[in-house]
Amino acid sequence: SSFEDVYKGTIKPADAKGEPLVVAIKKLHKDSIFSFHIHLGTKEWLAEVQFLGVVEHPNLIKLIGHSAVNGKREIPRLLVYEFMQNKSLDYHLFQSAFPPLPWKTRLQIILGAAQGLAYLHEGLAVQVPF
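So the sequence shown is numbered by full-length UniProt numbering: it starts at 1 and just counts up by one.
Accuracy of the hints is not assured; some may be wrong.
Stated by the list, open to error - DSS-like cross-link-like pairs, simulated, lysine-lysine; straight-line CA separation at most 25 angstroms:
| hint | residue 1 | residue 2 |
| --- | --- | --- |
| 1 | K87 | K17 |
| 2 | K27 | K8 |
| 3 | K104 | K87 |
| 4 | K12 | K87 |
| 5 | K27 | K104 |
| 6 | K62 | K87 |
| 7 | K8 | K62 |
| 8 | K17 | K43 |
| 9 | K43 | K12 |
| 10 | K27 | K12 |
| 11 | K104 | K8 |
| 12 | K27 | K17 |
| 13 | K87 | K43 |
As the list claims (entries may be wrong) - For each label pair, taking beta carbons as the anchor points, the in silico distance ranges come out as:
| hint | residue 1 | residue 2 | range |
| --- | --- | --- | --- |
| 14 | K17 | E122 | 37 to 45 angstroms |
| 15 | L89 | F51 | 18 to 26 angstroms |
| 16 | F94 | Y7 | 17 to 25 angstroms |
| 17 | A113 | V6 | 13 to 21 angstroms |
| 18 | D15 | I110 | 21 to 29 angstroms |
| 19 | L107 | K27 | 14 to 22 angstroms |
| 20 | A16 | D90 | 33 to 41 angstroms |
| 21 | V22 | Q115 | 41 to 49 angstroms |
| 22 | L46 | A114 | 23 to 31 angstroms |
| 23 | Q115 | D90 | 25 to 33 angstroms |
No lab work stands behind these hints, which were simulated from the structure alone.
Quick reminder that beta carbons are idealized off the backbone N, C-alpha and C, glycines included.
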């Protein structure tokens, strides 16, 4: 999307056994609607990503890892998520070729997204203040 660059990558298992984990790596642009992440201090950034890394819900993509500022070197703040095979929601709703998604499918997507947001705001012992 125009708000972030998304890359596909793999993480090798630590013991070199098993299959590599396929991931999506997001780098936010400074003019992103999510740019508040870029302006957070290191302590706040780490607290947020560590919290989101332990949240599990079937309607939320799992945050696997992140990068943070390292000393005087500015390392881009990247978010590493589990890879979802079928492209982005934005692609399917607004950019995909014909046929467009049926309205029943769109409503199911809306319901799933709402359930994920409700979990973040109301279903956790600690609420997410977005």
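Going through the hints against the structure:
Proximity of K87 to K17 is assessed by CA-CA distance (about 28 angstroms); at most 25 angstroms being required, the pair is judged violated. With a C-alpha separation of about 12 angstroms, the suggested pairing of K27 with K8 holds against the 25 angstroms cut-off. For the hint linking K104 to K87, the alpha-carbon distance of about 19 angstroms falls within 25 angstroms, and the restraint holds. Between K12 and K87, the direct Cα distance comes to roughly 23 angstroms. Compliance with the 25 angstroms bound is thereby established for this hinted pair.
As the CA atoms of K27 and K104 are separated by approximately 32 angstroms, the hinted pair breaks the 25 angstroms bound. A distance of roughly 16 angstroms separates the Cα atoms of K62 and K87; the hinted pair therefore holds under the 25 angstroms criterion. Distance check on the hinted pair: K8 and K62 sit about 15 angstroms apart at the alpha-carbon level, within 25 angstroms; holds. Taking the CA atoms of K17 and K43, the gap is near 34 angstroms; set against the 25 angstroms cutoff, the hint is violated.
Between the alpha carbons of K43 and K12 the distance comes to roughly 28 angstroms, so the proposed pair goes past 25 angstroms and is violated. In summary, the hint linking K27 to K12 is supported, as the alpha carbons are separated by about 21 angstroms, within the 25 angstroms threshold. For the given pair, K104 sits about 30 angstroms from K8 by alpha-carbon distance, which is inconsistent with the 25 angstroms threshold. Distance check on the hinted pair: K27 and K17 sit about 29 angstroms apart at the alpha-carbon level, beyond 25 angstroms; violated.
This hinted pair does not check out: K87 and K43 have alpha carbons roughly 32 angstroms apart, beyond 25 angstroms. Distance hint check for K17 and E122: the Cβ-Cβ separation is about 40 angstroms, which falls inside the suggested range of 37 to 45 angstroms. At roughly 23 angstroms, the beta carbons of L89 and F51 sit within the given window of 18 to 26 angstroms. The hinted window of 17 to 25 angstroms between F94 and Y7 holds, with their beta carbons roughly 21 angstroms apart.
Separation of A113 from V6 is about 18 angstroms and conforms to the stated range, judged on CB atoms against 13 to 21 angstroms. For the pair D15 and I110, the beta carbons lie near 41 angstroms from each other, so the given range of 21 to 29 angstroms is not met. At about 32 angstroms, the CB distance of L107 to K27 disagrees with the hint of 14 to 22 angstroms. Evaluation of the 33 to 41 angstroms hint for A16 and D90 yields a pass: the beta carbon distance comes to about 36 angstroms.
Between V22 and Q115 the Cβ separation comes to about 25 angstroms, which falls outside the hinted range of 41 to 49 angstroms. As the Cβ distance of L46 to A114 is approximately 29 angstroms, the hint placing it in 23 to 31 angstroms holds. Checked against the given bound of 25 to 33 angstroms, the beta carbons of Q115 and D90, roughly 19 angstroms apart, lie outside it.
Hint check: violations occur at hints 1, 5, 8, 9, 11, 12, 13, 18, 19, 21 and 23; the rest are consistent with the structure.
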